[in-house]
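One-letter residues, chain by chain:
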Amino acid sequence: SAVISQKPSRDICQRGTSLTIQCQVDSQVTMMFWYRQQPGQSLTLIATANQGSEATYESGFVIDKFPISRPNLTFSTLTVSNMSPEDSSIYLCSGRTGQGQYGYTFGSGTRLTVV
Amino acid sequence: DQQVKQNSPSLSVQEGRISILNCDYTNSMFDYFLWYKKYPAEGPTFLISISSIKDKNEDGRFTVFLNKSAKHLSLHIVPSQPGDSAVYFCAARAAGGTSYGKLTFGQGTILTVHP
Numbered sequence: 373s374a375v376i377s378q379k380p381s382r383d384i385c386q387r388g389t390s391l392t393i394q395c396q397v398d399s400q401v402t403m404m405f406w407y408r409q410q411p412g413q414s415l416t417l418i419a420t421a422n423q424g425s426e427a428t429y430e431s432g433f434v435i436d437k438f439p440i441s442r443p444n445l446t447f448s449t450l451t452v453s454n455m456s457p458e459d460s461s462i463y464l465c466s467g468r469t470g471q472g473q474y475g476y477t478f479g480s481g482t483r484l485t486v487v
Numbered sequence: 008d009q010q011v012k013q014n015s016p017s018l019s020v021q022e023g024r025i026s027i028l029n030c031d032y033t034n035s036m037f038d039y040f041l042w043y044k045k046y047p048a049e050g051p052t053f054l055i056s057i058s059s060i061k062d063k064n065e066d067g068r069f070t071v072f073l074n075k076s077a078k079h080l081s082l083h084i085v086p087s088q089p090g091d092s093a094v095y096f097c098a099a100r101a102a103g104g105t106s107y108g109k110l111t112f113g114q115g116t117i118l119t120v121h122p
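Chains as they are written, first to last, in this note's numbering: chain V, 373 to 487; chain Z, 8 to 122.
Certain hints may be false.
Claimed, not checked - Taking lysine-lysine pairs in the BS3-like style, the calculated list, with each CA pair at most 25 angstroms apart, reads: (1) V/K379 - Z/K44; (2) V/K379 - Z/K109; (3) V/K437 - Z/K78; (4) Z/K44 - Z/K78; (5) Z/K61 - Z/K78.
What the hints assert, rightly or not - What follows is a set of in silico ranges between Cβ atoms, one per label pair, in the way DEER data are often shown: (6) Z/G90 - V/Q410: 35 to 43 angstroms; (7) V/F433 - Z/N74: 28 to 36 angstroms; (8) V/A374 - Z/L18: 36 to 44 angstroms; (9) Z/S81 - V/L445: 31 to 39 angstroms; (10) V/V375 - Z/Q9: 29 to 37 angstroms; (11) V/N444 - Z/P122: 42 to 50 angstroms; (12) V/P457 - Z/D62: 26 to 34 angstroms; (13) V/E426 - Z/Q88: 40 to 48 angstroms.
Hints listed in this document are in silico derivations from the structure and should not be mistaken for laboratory results. Computed from a predicted structure; not experimentally measured. Even glycine gets a Cβ: it sits at the ideal position worked out from N, Cα and C.
Could you put together the complete structure from these sequences and hints?
See the structure below:
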C-alpha cells in the first residue's frame, strides 16, 4: 500500500498565526482526505482534497479557516488559519489509492498545540 | 449525529484471552466497514474490513462479524497479545452519492492487554 509522509509531526503555535501541514504520497492517489482528531474524540473529516479543483468541505468546516491545496496526485497541504486554542488537535491526512476496502492509508499525524 | 458509535471507551484483557470490540452504526448506506489500530504519535493503520454483504471475515488472529439487522459489528482478537494494546477505531465507508468513498469513524476503544 501507499506510504504517506506528513510533516510537521508536531508544533506549538501562537494564537492568530497559521500553520501549513504537508502530506506527500509515494504513489498517485485518487482521493485525499484531511481529518481532525480532538482530544479524546473520533477522527472528524474536514474536507476531501481534489486534484486541480477546490476542496470539498464537510459541514462545520470552511475554506477560509482550512484552505487546502492539491497541486498533483501525490501531494496536498492543509493550512490552519488564524489559530485559536480550540484548534489544538491532531490533524491527519489520508489517501485512497484505488478501488477496494484496503486502499486507505494515513499519515502519521500532526499534533498541533495553540497557545 | 454520530453515525458510527463505539460505546466502550476502554477494554482491559488478559494476555491469551479474547478481546471483543464493538461498533454500532445507524446509516444503512455504508458498503464497507473497517477496523483501524492506532498507536500514540502514529496514524491509524488498517487491520481488517468486511463488506456489507458478508457476515464474517477472518485474518489470522482477527475476525470481524457483521450483523446487518442489528447494525452492529464486532472485532474479535484471539489470542490477545500485549502488543495489541492500542486504540481501535471502527470506520464505515459511504456507498455512494456525494459522500462516496468517505469514511466515518467511531470514537475509538482503548484496548489494554495485560501480560
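Now the hints, each set against the structure:
1. V/K379 - Z/K44: 21 angstroms, holds
2. V/K379 - Z/K109: Distance of about 23 angstroms is within 25 angstroms: holds.
3. V/K437 - Z/K78: 35 angstroms, violated
4. Z/K44 - Z/K78: 21 angstroms, holds
5. Z/K61 - Z/K78: Between Z/K61 and Z/K78 the Cα gap is close to 13 angstroms, so the pair holds against 25 angstroms.
6. Z/G90 - V/Q410: 35 to 43 angstroms: 27 angstroms, violated
7. V/F433 - Z/N74: 28 to 36 angstroms: 33 angstroms, holds
8. V/A374 - Z/L18: 36 to 44 angstroms: 31 angstroms, violated
9. Z/S81 - V/L445: 31 to 39 angstroms: For V/L445 against Z/S81, whose Cβ atoms are near 36 angstroms apart, the range 31 to 39 angstroms holds.
10. V/V375 - Z/Q9: 29 to 37 angstroms: 31 angstroms, holds
11. V/N444 - Z/P122: 42 to 50 angstroms: 47 angstroms, holds
12. V/P457 - Z/D62: 26 to 34 angstroms: Roughly 45 angstroms apart at Cβ, these two residues miss the hinted range, so it is violated.
13. V/E426 - Z/Q88: 40 to 48 angstroms: This hint holds: roughly 45 angstroms between Cβ atoms.
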